Every structure is written in C-alpha cells, then in structure tokens.
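Number of protein chains: 2
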Amino acid sequence: MLSPLISELIDALRILPGVGPKSAQRMALHLLERQRPGGLRLTKALESALHRVEHCRDCRMLTEQAVCRLCQDGSRDDGALCVVESPMDVIALEQSGCFRGRYFVLLGRLSPLDGIGPQELGLPQLISRLRDQPSITELIIATNATVEGEATAHYLREATRALPLTVSRIGHGVPMGGELEFVDGNTLTHALSGRRPVP
Amino acid sequence: MLSPLISELIDALRILPGVGPKSAQRMALHLLERQRPGGLRLTKALESALHRVEHCRDCRMLTEQAVCRLCQDGSRDDGALCVVESPMDVIALEQSGCFRGRYFVLLGRLSPLDGIGPQELGLPQLISRLRDQPSITELIIATNATVEGEATAHYLREATRALPLTVSRIGHGVPMGGELEFVDGNTLTHALSGRRPVP
Ligand SMILES: [Zn+2]
Ligand SMILES: [Zn+2]
Numbered sequence: 001m002l003s004p005l006i007s008e009l010i011d012a013l014r015i016l017p018g019v020g021p022k023s024a025q026r027m028a029l030h031l032l033e034r035q036r037p038g039g040l041r042l043t044k045a046l047e048s049a050l051h052r053v054e055h056c057r058d059c060r061m062l063t064e065q066a067v068c069r070l071c072q073d074g075s076r077d078d079g080a081l082c083v084v085e086s087p088m089d090v091i092a093l094e095q096s097g098c099f100r101g102r103y104f105v106l107l108g109r110l111s112p113l114d115g116i117g118p119q120e121l122g123l124p125q126l127i128s129r130l131r132d133q134p135s136i137t138e139l140i141i142a143t144n145a146t147v148e149g150e151a152t153a154h155y156l157r158e159a160t161r162a163l164p165l166t167v168s169r170i171g172h173g174v175p176m177g178g179e180l181e182f183v184d185g186n187t188l189t190h191a192l193s194g195r196r197p198v199p
Numbered sequence: 001m002l003s004p005l006i007s008e009l010i011d012a013l014r015i016l017p018g019v020g021p022k023s024a025q026r027m028a029l030h031l032l033e034r035q036r037p038g039g040l041r042l043t044k045a046l047e048s049a050l051h052r053v054e055h056c057r058d059c060r061m062l063t064e065q066a067v068c069r070l071c072q073d074g075s076r077d078d079g080a081l082c083v084v085e086s087p088m089d090v091i092a093l094e095q096s097g098c099f100r101g102r103y104f105v106l107l108g109r110l111s112p113l114d115g116i117g118p119q120e121l122g123l124p125q126l127i128s129r130l131r132d133q134p135s136i137t138e139l140i141i142a143t144n145a146t147v148e149g150e151a152t153a154h155y156l157r158e159a160t161r162a163l164p165l166t167v168s169r170i171g172h173g174v175p176m177g178g179e180l181e182f183v184d185g186n187t188l189t190h191a192l193s194g195r196r197p198v199p
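Chains as they are written, first to last, in the UniProt record's numbering: chain A, 1 to 199; chain B, 1 to 199.
FYI, nobody ran anything at the bench for these hints, they're computed from the structure.
Nothing here was measured: the structure is a model prediction, and the numbers come from that model.
A couple of the hints might just be wrong.
If chains are identical, the list can't say which one is meant, so a pair holds when it fits in one copy or spans any two.
Quick list of in silico lysine to aspartate or glutamate cross-link-like pairs, EDC-like style, CA-CA up to 20 angstroms [stated by the list, open to error]:
no.: 1; residue 1: 44; residue 2: 89
no.: 2; residue 1: 44; residue 2: 8
no.: 3; residue 1: 44; residue 2: 33
no.: 4; residue 1: 22; residue 2: 11
no.: 5; residue 1: 44; residue 2: 77
no.: 6; residue 1: 22; residue 2: 89
no.: 7; residue 1: 22; residue 2: 179
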C-alpha cells in the first residue's frame, strides 16, 4: 500500500542492527513526516562517513584521518598495546577509562572457514610493530571470550613468543561466550586489572 | 576519541525514533565496519525519499505519486471516509484489514498553541471533498484518544453537521485481549463512561 520510494526506504533501514520491520516503518515515516532536516543531515553524514572513513594506518581503528586520535595522543602510555577484535571494543574500553595505552584492532577474529586468517587480521603488521617498537613491553590480548576469540588469542601468543614482551590475556569478568562490546564498564575495568600472563 | 565524521554520523542517527546514544554508536560502527553496501543503499533511499515523497493530492498520505495507491485503488469502498492523524495510522488500519474505504490524513491534530489550526490540517479541503463527492455517506473520525485528538474530532463533527452524512467516532477503551489491571486510568475512565447496554 505504500509507494515504492517509501517501501525502499523501509527496507533499507532494516540493515541497521536491531531494526525490525515495524521500527523501520516507524523510522521512515518519522523522517518523512516530521524530520526532513534531520533526514537530510543523516543522508549527508552517511554519505561522508561511507566515502571517507577508512582505517588508521597504525592501529586499524575506523577513522577518516591517516592516523587516528588515539594513536596521535601523546599523553598515552606507549608501553602497553591492547589487541581487540573490533572498533566497538576500543570504544567500550575507552568509555570504561581503564586503559591508557595503545590499541591494535584486528577487525575480526581467526575464522579459517570464512577465509579469515592472520593476513586478514593484520597480524604480520602487528608483529612487525611489536618487533620494531621496543617501547612496547606489554601486550594485552583482549579478543572476545568466544571460541574464535580464544583461538585468535592463542595464535597471537604463539606468534609473539620470541619477542621480549609480557603477554597477558584479559581475564576475570567477561562472561564466557560474551562479547566485549556488550559488557559494562565496571566489568571491563575488573577484567583488565585481573589480566593474567599467558604462559 | 572518535573521528569527526564518525561522531557526526552517530549524532545524526539519533534523530531516528527510539535510537539512544548507545544504539546510534552501534549502528554507525556496524555500517562502517560490516555494511558499507547497505549503508550506500540507505543513503540513496533516504535521499530519493526525502527529495521526492510529498503528499497525495486527495488524501494527504505520504507518497511520491500525485495520487496515492489507496486513492487509485478502484476496488475500495467510496462510501466511507476515515479521518486519521498520521500516515502511521493509515498503515495500522490497513494492516488490521478492518477498513476498505477511503482515507483522509490530517498530518497532525488541532493545537492552537503550536499554531496548528483547521487550515494546517487540510480541513477546508476535507469539507469540500465531503460536499462535492455525494458517494461518501459515512465519515469515521479516527483521531487519537488524546485531548487534542478529541478536540479535533469535536471540531470535525461540528464542521460537518450540515452535511447529509453518518458521522461516527471509533471506539475507545480496554484493548481486546487486554487486562484491566494493565490499562491506564484515563483509558479506564473513558471505557467506563462509554459503556453500552448489553442486549
Ligand atoms: Zn590509530
Ligand atoms: Zn491518497
């Protein structure tokens, strides 16, 4: 009963996470009925971000800058590097305020069946960085507590064994099978302070 | 900590109804990390809809066509016209399948303090239509059961008193399948005062 352009807008909104048919409908009509300036702003913001946001040269965080703010920030601790799966994890850790070092974002986790190996996760780049930057003395592996996250952590531990590093795995607090981005800041703080060396 | 374009995208997503800071963040990163083709599709759909969707000449429903599908549909009953506040109401009624007549969408409700009077709601256009189209014999007022919706219904009833029409107001009260204890006091009051004899 709706016109083609409205139906297409509703369908397109459904690619947003957590948006079902009913809320997509509500969003589309809200934009068209009451929020055209906001809708235009969203169009422009989407277009700019999709065309210009890439990954930080150093840490692979999402950014439109060559080097992201976190890597540029001179006040951070160069001694510790925390490896996470996704940009959402960086945000979660930053919002908890429990970590002041540097990051490396894998943009995934090892998943051979999906064709995601060390290369896709930038692991050669990470290993070179750990080797070439002697200021880094501690590596914190904060991949998710899932099977694939654990496999990735294990791989990383083995691949860095020859380097003079303290390697730890983020520990207590993250529920097994849970994903970092859905964990509250308190739990994250606890998990980070309770990290254990990986033997 | 996020780059300007990502922050702006997160802010822009918050104009969507029901989207708070946390889910806007998740949406933005999801689009940038995993759903760029979907994001581009959404950009195009938004742009087209915002530029081309206007209102149906006859019923004021949202559509990019001069006359909407519902008004064009020759199989519908020309005898009954249902007046609603918003396009969402048309969709709700259509999805219930309980009405096969025509619609008129006010795109609001009387609200003098906000400068919304009969003119803004297209009431002169509606009255002309009711006068000029003798096929219409029944007017159903389906504005919301709010103070403003009731005031709008009252105005409409008075404005159409001279016309040879059956005018009805949709019933309000405890929703079917609803339990009394979960219905708000206002609804209960209304339901009680609107009680009808059981034959
Ligand atoms: Zn960076
Ligand atoms: Zn129409």
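Tested hints:
1. 44 / 89: neither (26 angstroms within a copy, 30 angstroms between copies)
2. 44 / 8: Answer is both: 18 angstroms inside a copy and 10 angstroms across each meet the 20 angstroms cutoff.
3. 44 / 33: both (19 angstroms within a copy, 18 angstroms between copies)
4. 22 / 11: Within one copy only: 11 angstroms inside, 23 angstroms across.
5. 44 / 77: Intra 36 angstroms, inter 43 angstroms, cutoff 20 angstroms: neither.
6. 22 / 89: Intra 29 angstroms, inter 13 angstroms, cutoff 20 angstroms: inter-copy only.
7. 22 / 179: Cα proximity of residue 22 and residue 179: across copies only (15 angstroms, versus 27 angstroms in one copy).
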